[in-house]
Amino acid sequence: MKVTENNHKYKAVIIGCGNIAGGYDSLQDKNVLTHAHAISIHKKTDLVGVYDLFYKKAVTFARKWKTVPFIGLKEMFSQIKPDLVYICTPTETHVKVLKVVLDYKPKAVICEKPLSNDSRLAKKVLMEYKKNKISLTVNFNRRFDSTIQKIKYNIDNGRYGSFINTSVIYTKGILNNGSHVIDLLRYFFGEVISYKILAKTIDYKKTDPTLDIFLKFKNNIKVHLIAGNAKEYSIGEMDLLFSKIRINIYQFGLQYSLQAVRQDPIFSDYKDLGERVIKQTNINEGLLKLIDNIIGHVEKKEKLLSCGENALKTQEICMKLIKEAK
Numbered sequence: 536m537k538v539t540e541n542n543h544k545y546k547a548v549i550i551g552c553g554n555i556a557g558g559y560d561s562l563q564d565k566n567v568l569t570h571a572h573a574i575s576i577h578k579k580t581d582l583v584g585v586y587d588l589f590y591k592k593a594v595t596f597a598r599k600w601k602t603v604p605f606i607g608l609k610e611m612f613s614q615i616k617p618d619l620v621y622i623c624t625p626t627e628t629h630v631k632v633l634k635v636v637l638d639y640k641p642k643a644v645i646c647e648k649p650l651s652n653d654s655r656l657a658k659k660v661l662m663e664y665k666k667n668k669i670s671l672t673v674n675f676n677r678r679f680d681s682t683i684q685k686i687k688y689n690i691d692n693g694r695y696g697s698f699i700n701t702s703v704i705y706t707k708g709i710l711n712n713g714s715h716v717i718d719l720l721r722y723f724f725g726e727v728i729s730y731k732i733l734a735k736t737i738d739y740k741k742t743d744p745t746l747d748i749f750l751k752f753k754n755n756i757k758v759h760l761i762a763g764n765a766k767e768y769s770i771g772e773m774d775l776l777f778s779k780i781r782i783n784i785y786q787f788g789l790q791y792s793l794q795a796v797r798q799d800p801i802f803s804d805y806k807d808l809g810e811r812v813i814k815q816t817n818i819n820e821g822l823l824k825l826i827d828n829i830i831g832h833v834e835k836k837e838k839l840l841s842c843g844e845n846a847l848k849t850q851e852i853c854m855k856l857i858k859e860a861k
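Going by this note's numbering, the sequence shown opens with residue 536, and the numbers climb by one from there.
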C-alpha cells in the first residue's frame, strides 16, 4: 500500500470493467487514460476491488490492475466498505447502479458521462444523492485539464480579444460524444440561449444521431457543430476564433495549436495568422486531477468541477436536441 503524508487512504472500487475503467492503458504506460491507472498511482487512493456483470471480465481486469474481483456488488460493498465508487457501466444502466450504490453511503461517487439517457430519472437520483449528502462527480474530463482551465481563464479575462466564431467537428452521437462538446462549450461560454438543428447523421445509434447544429450563447457567442461520420473515421476538434488569436483543440483534446494575429508579411494592408505553435494539453493528467478535486471536496468542501447538477444540464440539452431531430 502506498503511504501518504497523513497516512490516510481512500478505498476505491470500480463497477464495470470496460475501456475507460482500465482497458485503454496499463501501469507501464506514461499516459493516464483510465480510472484504474489514476487510482493506482494517486498518492491518496487504492484500488481495492472491481465488479463486472461478467465475472471472467472482472477477473482479467483485476489481474491486470493487481486488485480483487468480486462476483456480486453486495459482497464487494459489505467486505470493503469503499470510500470512492466509480461507475463505468453502459449509459442506460447508470441510474440503476447509482440507486444501488446509494444504499451503501460512500463518501463520493464518480460516474462516467453522460449521467443517463433519461433526464427525469437522472434528476430524481440526483435529489437522493443530495438528500444523503453523497458527492457525485460526472467525468467530463476536459474540465480537469489545466490547459482547458487556462484557456477559460483567458477567455473570461479578455486576453484573446473579442470573440469572432467557433466551429466543432465531432462524431458518434450528440449524447455519446457530443455531450463532451456541449459541456465544454458551456464551461467556456455559459448556458445555451438558442439553437437550430441543420442536419443529422446516423454514425453511431439511431437513438443518438450526430447533429449539425447552430448554437447561440450569451454575448452573441455563435458556435457551429458539424457532424463527421464515424463509419469512415472518428474526429473531435474545436476551432476558436478571437480577434487576437486562433486556438484549435484537436485529437480529441490531446493537442492544441495557437496562431497569433500578425501583419501580413506580403500584403501590408492585411492581417493574417502566424505559424501554428503546436502543444500538448494536460488531459492525460485529467483523471488524477479529478481525484484531487473529489478529495478536496470531501476534506475541504472545495467546489466540484463537474458535479451531477452540471452534468444534468448538459444531458438535458442533448436530450432536447435528440427529441427535436426525430
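Among the hints, erroneous ones may be present.
[What the hints assert, rightly or not] Estimated spans, in silico, between C-beta atoms of each pair:
| no. | residue 1 | residue 2 | range |
| --- | --- | --- | --- |
| 1 | L588 | H759 | 35 to 41 Å |
| 2 | A734 | Q563 | 42 to 48 Å |
| 3 | I606 | R694 | 30 to 36 Å |
[What the hints assert, rightly or not] Computed list of lysine-lysine pairs in PhoX-like fashion (alpha-carbon distance at most 20 Å, straight line):
| no. | residue 1 | residue 2 |
| --- | --- | --- |
| 4 | K766 | K740 |
| 5 | K599 | K640 |
| 6 | K616 | K565 |
| 7 | K640 | K731 |
| 8 | K666 | K855 |
Don't read these hints as lab results, they were simulated from the structure. A virtual CB, placed ideally from N, CA and C, is assigned to each residue, including glycine.
| said: Just to be careful, I want the Cα atoms of K766 and K740 compared with a cutoff of 20 Å; is the pair within it? | reply: Holds, at about 11 Å.
| If you draw a straight line from the CA of K599 to the CA of K640, is it 20 Å or shorter? | Roughly 28 Å between the alpha carbons, so the hint for K599 and K640 is violated.
| query | That 42 to 48 Å hint for A734 and Q563 (C-beta), does it hold up? | reply | holds (44 Å)
| query | How does the Cβ-Cβ distance of I606 and R694 compare with 30 to 36 Å: does it lie in that range? | reply | violated (54 Å)
| request: Look at the Cβ atoms of L588 and H759 and judge whether their distance stays inside 35 to 41 Å. | output: holds (40 Å)
| message | So if I understand the rule, the pair passes when the alpha-carbon distance is 20 Å or less; does K640 with K731 pass? | response | violated (42 Å)
| message | Tell me if the straight-line CA distance from K666 to K855 falls inside 20 Å. | response | Violated: K666 and K855 sit about 27 Å apart, past 20 Å.
| request: Given the hint that K616 pairs with K565, test it: the Cα-Cα distance must not exceed 20 Å. | output: violated (31 Å)
Hints 3, 5, 6, 7 and 8 from the earlier list are contradicted by this structure; the remaining hints agree with it.
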